[in-house]
Amino acid sequence: MLGFLIENNVVCHAVEAMVFASIACSILGVIISRMNLSSIGFTMSHAAFAGAAIGMFLDIRAQIAAIFFSLGVAALIGPVNDKAKMAADATLGVLFAMSMAVAIFLISYLQCTGRGLTAGNLLFGNVVSLYREEIYALAAVSALTIIFVLVFFKEISAIMFNMKIAEASGVRVKLIYYILLFIVAISVSLTINIVGGLLIFVLLVTPASIASQFCFNVKSMFVVAPLVALSVSAFGVWAGFKFALPIAPLVALLLTGVFAVSVILSFKRRINYRKD
Amino acid sequence: MGIIELDKIYTAYEGGDKPVIRGLSLSVNPGEYVVIGGPNSAGKTTLLESINGLIRITHGSATVCGLDLLRSGNEVRRKVGYVVQNFYFDPFTPFTVEQVVMMGRYGRLGLLRRPSKSDFKAAQKAMRLVGIEDLAEKTIGTLSGGQQQKTMIAHNIAKEPEVMMLDEPFSNLDFHAREYLQGIFKEIVRSRTPILMVSHAFDGLPNTRIHLVVMNKGQITYDDECDAEEVEPIIRKECAVD
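In order, the protein sequences belong to chains F and Y. Quick note on numbering: the numbering used here labels position 44 of the first sequence as 44, and the sequence is numbered without any gaps. Residues are numbered in the numbering used here as their position in the second sequence, beginning at 1, plus a constant of 1000.
Keep in mind that the hints were calculated from the coordinates and are not lab data. Keep in mind that a hint or two might mislead.
Said to hold, decoys possible - The list that follows gives simulated cross-link-like pairs (lysine-lysine, DSBU-like), each with its CA atoms no further than 35 Å apart: (1) Y:LYS1008 - F:LYS219; (2) F:LYS83 - Y:LYS1121; (3) F:LYS164 - Y:LYS1121; (4) F:LYS268 - Y:LYS1138; (5) F:LYS164 - F:LYS275; (6) F:LYS268 - Y:LYS1008; (7) F:LYS275 - F:LYS174; (8) F:LYS219 - Y:LYS1217; (9) Y:LYS1121 - F:LYS219; (10) F:LYS174 - Y:LYS1237; (11) Y:LYS1138 - F:LYS164; (12) Y:LYS1018 - F:LYS164; (13) F:LYS268 - Y:LYS1217; (14) F:LYS85 - Y:LYS1018; (15) F:LYS83 - Y:LYS1125; (16) Y:LYS1217 - F:LYS164; (17) Y:LYS1117 - F:LYS275; (18) F:LYS219 - Y:LYS1018; (19) F:LYS268 - Y:LYS1018.
Work the whole structure out from these sequences, hints included.
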């Protein structure tokens, strides 16, 4: 897709993957950060991790297993929240621990039986050896995320403002919440072996946090967060190839650096010392 | 038949050892100004949240705006305005007053429909009515408690509800704002939209007949019409406070 700009096929695929992952994750990040659901990225990336381990245990394709297991976990979050009447973060913590336990149990078991399994790719990703189909899948997830926000913008903004007030107004809160969880699950499980669990969490949380330092309304956050994420990611891929550095951790560090600068420069917390 | 018909309803919170509302019946007609009084933990807020389906009714039957509440909770919420008692908006909440007031229309608009000119007009009218049009561009988290409360009232007026419910709407407001808003509520009632108000502040009630409901331990102990100046003495008597 970006072949006309970048000649090297490997670099081109890596940039495309990072750009699409950045768009999807940062847009979803604006919503989940506002809803105090940031740990959903952590939980879903570990669910995908557990799913991949199950796939390897059952000798089926790891990514397909990751998608199905993540969707299963996403489907559990809402009902468990409703049923147990717990804070969303507590539910996410329980499901994170379960996913992590499943993953570690299976990895240990596979290693004991002589079937080696490395968790490195799932934690840090591998943007260097990508199939074209994986890039198309990421592009589709980005498009799905953008369409979700455009179609349900008024419901999403009402829920981001206050869930109880939105529900009292007659907004279909549960429906939108469940669709959101479903899209997060698909995005995370498709991107995990490309950018890795660490960078997914960074992409979900940091661009939205950077945007919140400067934006006074939610519309501009939905524009600024993906722009920041894709600019930093594209630069990170270029710098990673140029200086032979690991790409995913580099992008994570660059985004954290931009966040630190944005906190220092933010004018939203400025105190007005004028006397009139 | 009233616009709200509750027949021997029971409601309970999950995990609660007994129902909060027990065998409660209530009928509210269009154009009534209903004041709900009673001591703390009498079930006043629970009653309002049962009427708009936020809390499940376990026994009995309920009809609101002609809809069976047990089957059509969301449809009821699209027609009923509800100003909640407790809210907190952090200073960096990325929503302006104008956007928050507009959100009052989102439920009745339904999924996939974009706000039209008439929706924006209704939001503008609500802000003008409540006197917050000069705050339209301000983010809600930077406002005072009273201004936030007015914004939430405007949010529900913009909805053009068939029933308006208010839970402690004056808790953050000064005397002037209370009297001003009471005037608005009186106009709402005059347009045949009933108001159900939970409050402990009875000064400035409109000079109309009040439908007074006094609750105690999840049940109604007084349900009758009275004049505005009789409200506080009746509640004091019913709650044995003197």
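Tested hints:
1. Proposed proximity of Y:LYS1008 and F:LYS219 is contradicted: the alpha carbons are some 46 Å apart, above 35 Å.
2. Between F:LYS83 and Y:LYS1121 the alpha-carbon distance is near 40 Å, which puts this suggested pair outside the 35 Å criterion.
3. Of the pairs offered as hints, the one joining F:LYS164 and Y:LYS1121 holds, with about 25 Å between alpha carbons and a cut-off of 35 Å not exceeded.
4. For a cut-off of 35 Å, the pair hint linking F:LYS268 to Y:LYS1138 stands: about 13 Å separates their Cα positions.
5. With a C-alpha separation of about 39 Å, the suggested pairing of F:LYS164 with F:LYS275 is violated against the 35 Å cut-off.
6. With a C-alpha separation of about 52 Å, the suggested pairing of F:LYS268 with Y:LYS1008 is violated against the 35 Å cut-off.
7. At roughly 48 Å between alpha-carbon atoms, F:LYS275 and F:LYS174 are farther apart than 35 Å, so this suggested pair is violated.
8. Restraint check for F:LYS219 and Y:LYS1217: the C-alpha separation of about 46 Å exceeds 35 Å, so the hint is violated.
9. Between Y:LYS1121 and F:LYS219, the direct Cα distance comes to roughly 21 Å. Compliance with the 35 Å bound is thereby established for this hinted pair.
10. Under the criterion of a C-alpha separation no larger than 35 Å, the hint pairing F:LYS174 with Y:LYS1237 is inconsistent with the structure, at around 43 Å.
11. For the hint linking Y:LYS1138 to F:LYS164, the alpha-carbon distance of about 22 Å falls within 35 Å, and the restraint holds.
12. Between Y:LYS1018 and F:LYS164, the direct Cα distance comes to roughly 24 Å. Compliance with the 35 Å bound is thereby established for this hinted pair.
13. Distance check on the hinted pair: F:LYS268 and Y:LYS1217 sit about 47 Å apart at the alpha-carbon level, beyond 35 Å; violated.
14. At roughly 18 Å between alpha-carbon atoms, F:LYS85 and Y:LYS1018 fall within 35 Å of each other, so this suggested pair holds.
15. Restraint check: the Cα-Cα separation between F:LYS83 and Y:LYS1125 comes to about 41 Å, which exceeds 35 Å; the hinted pair is violated.
16. For the suggested pair Y:LYS1217 and F:LYS164, the alpha carbons sit about 25 Å apart, so the restraint of at most 35 Å is met.
17. Restraint check for Y:LYS1117 and F:LYS275: the C-alpha separation of about 41 Å exceeds 35 Å, so the hint is violated.
18. Under the criterion of a C-alpha separation no larger than 35 Å, the hint pairing F:LYS219 with Y:LYS1018 is inconsistent with the structure, at around 45 Å.
19. For the hint pairing F:LYS268 with Y:LYS1018, the CA-to-CA distance comes to about 48 Å; that exceeds 35 Å, so the pair is violated.
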